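> Taken in order, these protein sequences are the chains called A and B.
Sequential numbering from 9 applies to the first sequence in this note's numbering.
Sequential numbering from 8 applies to the second sequence in this note's numbering.
The reader is advised that the hints may include incorrect statements.
[Said to hold, decoys possible] Simulated restraints, written as ranges between beta carbons of each label pair:
1. 47(A) to 38(B): 28 to 36 Å
2. 65(B) to 26(A): 44 to 52 Å
3. 48(B) to 69(A): 34 to 42 Å
[Claimed, not checked] If we take Cβ atoms under 7 Å as the criterion, some of the chain A residues that face chain B in the derived model are:
4. 50
5. 51
6. 56
7. 59
8. 87
9. 106
10. 108
11. 111
12. 112
13. 113
14. 114
15. 118
No wet-lab data here; the hints were simulated from the structure.
Since this is a predicted model, take the numbers as computed values, not measurements.
Just so you know, even glycine gets a beta-carbon here, dropped at the ideal spot from N, CA and C.
Each chain is listed here by its residues.
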Amino acid sequence: DGGITQSPKYLFRKEGQNVTLSCEQNLNHDAMYWYRQDPGQGLRLIYYSQIVNDFQKGDIAEGYSVSREKKESFPLTVTSAQKNPTAFYLCASSAGLEETQYFGPGTRLLVL
Amino acid sequence: QQQVKQSPQSLIVQKGGIPIINCAYENTAFDYFPWYQQFPGKGPALLIAIRPDVSEKKEGRFTISFNKSAKQFSLHIMDSQPGDSATYFCAASKGYALNFGKGTSLLVTP
C-alpha cells in the first residue's frame, strides 16, 4: 500500500516546547515538502527537500526546522520560536521538483 | 502577496448542477495549473491539472478551462453530486513552488 503517512494525527504543544511531526513516504519520491494550512487560507510552503541531506526554506520557514537523513523521511520540528503554531500541517512528495505533488493526511497541531 | 486569486469563497449548488470555480494569476512564468480536492480533516488530493499549451482538459465529470491571454483558469464539475461537497484549491507553479488559491468550499445539496 503505497503512500504518505503522517503522525500523529493530533499533537498538542505546551508553551516553550519543541515538537516534531513525522512524515514518511514509500513512493520512492525524491522530493518532499511541508505546508501549513490555516482556516480559510491556501497552503503555504514551509520547507522543501529535493534530495537526501539537502533542504531549502520556503515562504514561512521561521520557527521551523527539518532534516532529510533518509529518502523516505522528512520530519518537521516546530520550535518554541514559532509563536503561532496552531495549524494543519501537510506533508507532500513528488518524483521530482517539477512533478505532481501528492499529500499526506495531515497533522493538526494545537497549543495548550 | 497572493499570486493566485480564487473565487468564489463558497458555493452552493443543487445535485446535477454545474459549479464553476475561477482562478486568476499574474506570473506569466507559471506553466502548471493543478486543482486539488480536500475533504475535512484530510490532505488535498490531486483532481486534475493542465499546462498552458491546451485550452481545455476533461477527466470524468471534471473539466479545466484555461485562458492564457486572460491569465485565468476555471474548474467545472458536471452533474455534481453530494459526494463532491469539499473544498477545492487551484494552484499555479513554475518548478517546485505550488502557489495556492485560498480555496472554495462547495456544498452540493440533494
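> List, from low to high, the hint numbers that the structure doesn't satisfy.
Hints 3, 7, 8, 15 contradicted; others consistent.
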